[in-house]
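Read off the chains here:
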Amino acid sequence: MDAIILQILNGLDKGSAYALIALGLTLIFGTLGVVNFAHGALFMLGSFCAVTLQKILSLSFTVEDPTQKDFLGNPLKVDTPYIVSWFGDATGNAILNWSVPLAILFAIPVMLLVGYVMERGLIKHFYKRPHADQILVTFGLAIVIQEIVKYFYGANPIPTPAPDMFRGSLDFGVLIGFAQNEIIYPYWRLVYFLFSAVIISAVFAFLRFTTFGMVVRAGMADRETVGLLGINIDKRFTIMFGIAAAVAGLAGVMYAPINSPNYHMGMDFLVLSFVVVVVGGMGSLPGAVLAGFLLGILESFASMNEVKSIIPGIDQIIIYFVAIIILLTRPRGLMGRKGVMEE
Amino acid sequence: MLGLSKKDTTFLLVVIFLTLATPILLQPFPESSALAQFNAGYPDLMQRFAIFGIFAIGFNILFGLTGYLSFGHAAFLGVGSYSVVWMYKLLNYNVVPGLVLAIIMSGLFALFIGYISLRRSGIYFSILTLAFAQMSFNLAYSVLTPLTNGETGLQVYNNDPQVLMSEGSPTSPHFFGIVMNEATKVDVGGWQFTFSNGYYFCAIIAIIVFYLSLRIFRSPFGIMLRAIKTNQTRMNYTGLNPRPYTLAAFVISGMYAGLAGGLLAAMDPLAGAERMQWTASGEVVLMTILGGAGTLMGPVLGAGFIKYFENIFSKINDNILHSWFSALPDGLEDFVVFVFHPFIGKGWNLTLGLLFMLVVIFLPGGLIEGGTRIWNAITGKNRKKKREDAAHHPKPTSHVN
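Chain order of the listed sequences is D and F.
In terms of our numbering, the first sequence opens at residue 1 and continues consecutively.
In terms of our numbering, the second sequence opens at residue 344 and continues consecutively.
Mixed in with the good hints, there may be bad ones.
[Claimed, not checked] Derived, one-sided and incomplete: chain D residues facing chain F with beta-carbon distance under 10 Å: (1) Phe126; (2) Val144; (3) His264.
Treat the hints as calculated values from the structure; they're not laboratory data.
All C-beta atoms, glycine included, are put in the ideal place defined by N, C-alpha and C.
With the hints as extra help, turn the sequences into a complete structure.
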């Protein structure tokens with residue numbers, strides 16, 4: 001029993017990442033009808049927003065400290081981040097320490113802008129072209145974004161630690177009546193799960209309870225009619241693209257402490273997120289979220305030793321395997337709408 | 344000749360000539376000149392031209408003719424490589440049994456994957472093939488280690504059975520005694536030409552498979568495939584079931600990919616799982632689109648283009664740039680080098696990505712279309728055609744429904 005709970009918990013954080021990326025993908029597909037292969041790159045850009053902010057905050061100047069000596073007897077050179085010298089020791093270090101959560105504030109405008117520019121500058125011209133062309137051009141864009149990031153940040157993963165407060169692990173088992181040290185779960189993963197739950201609810205609430213969201217939903221159902229009613233639906237869809245990019249970016253920011261960002265992390269996630277979208281059903285937002293969590297949990301179950309001893313290697317292929325079965329038996333996906341890309 | 348029309352025969356002869364003369368044509372600059380770095384006439388690169396040309400020709404039979412965009416062709420490439428290396432391990436270094444096995448195995452693989460994937464089309468087909476390829480890649484990396492030697496990659500060890508190995512037989516890949524990595528060097532004036540056995544082996548196979556693809560393009564089967572791309576629904580209405588045709592195209596292109604993978608291992612007796620990764624599938628997509636999908640020469644051009652520039656761009660560094668632009672004033676020179684810096688050396692992929700995007704956006708027909716447009720602009724063919732059109736096909740009068 002404890003093993004099962006542990007696996008569910010383990011699946012949640014990866015599942016949250018899948019769900020967030022898949023949510024963005026589905027938003028783009030549902031509104032604009034574009035298959036965005038560059039979405040993984042947006043996730044990666046989000047992660048690198050965290051890296052960038054960390055770098056900016058820890059910009060330092062060097063002073064010679066006469067009170068300390070290095071082993072040769074010369075005055076020791078001490079790097080002091082500007083932040084620390086401006087705000088004093090306590091506040092400055094706290095800001096440095098919390099750079100990843102702070103990066104959320106930094107990432108939202110950046111990613112919105114990136115999404116907006118991407119849609120207006122490139123995707124806009126591809127609405128009338130076949131899906132294959134959209135896949136190809138966004139695939140090319142993904143390569144370009146990836147290479148630019150590689151040019152500026154190098155090819156190695158850059159460690160981006162979470163705040164000290166969340167370094168440890170939570171003994172989750174004790175809370176629900178198991179013995180100590182049976183179900184241990186890192187705090188940051190818990191934070192990640194809660195964060196993604198908040199983002200997902202926020203997106204759904206935005207679509208459900210605001211006028212803007214209502215118009216967008218109407219546009220998803222029938223773009224032409226909404227346009228005929230005198231509403232500038234293109235503009236709203238562009239904003240939705242920005243929001244989808246921001247969602248992917250936020251998923252990336254918070255994922256940075258779990259997995260040190262490197263330039264090709266987006267591609268790794270992209271393939272899986274596409275599988276998630278297809279399993280959930282093209283164009284269905286709840287489907288994307290559900291499938292994200294489902295596949296995340298399934299993946300962590302498959303990597304249990306008990307399961308692996310029965311079917312070796314199942315953990316490597318389970319997601320693709322499920323996707324193939326779903327696509328063949330239920331082409332619409334788990335919660336796909338009727339008539340959306342069934343062929 | 345060979346069941347081809349007169350025009351196609353000439354075309355094939357030109358291709359044969361170009362392929363066989365490649366070691367000379369790609370060596371236009373004398374060794375000592377500053378431009379010698381643009382020469383591409385060395386065996387390793389030429390072999391890759393031929394091999395990836397085969398890969399792209401095969402991919403084009405599927406994507407170019409039927410319009411089904413597969414993102415999983417690298418799986419077949421990997422299967423081909425593994426088969427060949429296994430034959431080295433079991434029999435001896437002769438490449439023929441390996442290549443035969445590579446074609447058979449990748450054909451069977453393609454039959455299985457194609458049978459399942461072709462139940463869906465469009466984006467779903469792409470994702471299904473992608474899923475299968477990633478599955479094969481992950482399996483090759485982990486569970487199938489006894490078969491694939493996991494991360495290390497499959498290679499021949501001293502204690503392998505190699506039952507057909509006799510005393511005098513070569514210890515590297517060979518074709519009935521013709522050793523692949525041997526080459527004849529000929530010096531003519533300042534030029535040095537390398538005629539490598541490996542390249543000619545690949546080139547002859549490439550010519551054969553090019554001929555086959557030419558025949559497929561011109562056959563009723565090829566026309567059927569094009570009909571699928573144009574309008575599958577209408578094809579259904581005329582009472583034709585498109586699936587056997589697409590499956591056949593898929594299997595054929597899988598076999599081409601297997602052959603290419605086998606040849607990779609025939610040139611260098613190694614096989615690694617990274618050959619199956621989806622970025623490798625992406626590469627063949629890039630080649631085909633860049634050259635021109637659906638055209639005969641396009642994919643080969645694309646493959647050659649990408650491999651050539653990959654090689655050249657990776658070699659250029661800042662010093663070479665400085666020497667090129669040394670005529671410019673100092674500040675300007677530094678600035679120009681600074682601008683070009685991200686695109687050269689390790690930044691080749693950035694250049695490739697940008698180039699690919701530009702081609703998809705402005706030239707959906709690839710380099711071939713670009714060439715045709717330039718040709719038409721020079722000869723004024725287009726203008727003439729338009730005038731004719733206006734005379735013979737008056738604009739349809741608008742009608743009300």
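Structure-based check of each hint:
Interface hint status for Phe126 (chain D): upheld, as the beta-carbon distance to the closest one in chain F is roughly 8 Å, under 10 Å. Because the beta carbon of Val144 (chain D) sits about 4 Å from the nearest beta carbon in chain F, less than 10 Å, this interface hint is met. Against a cut-off of 10 Å between C-beta atoms, the interface hint on His264 (chain D) holds, since the closest Cβ of chain F lies about 9 Å away.
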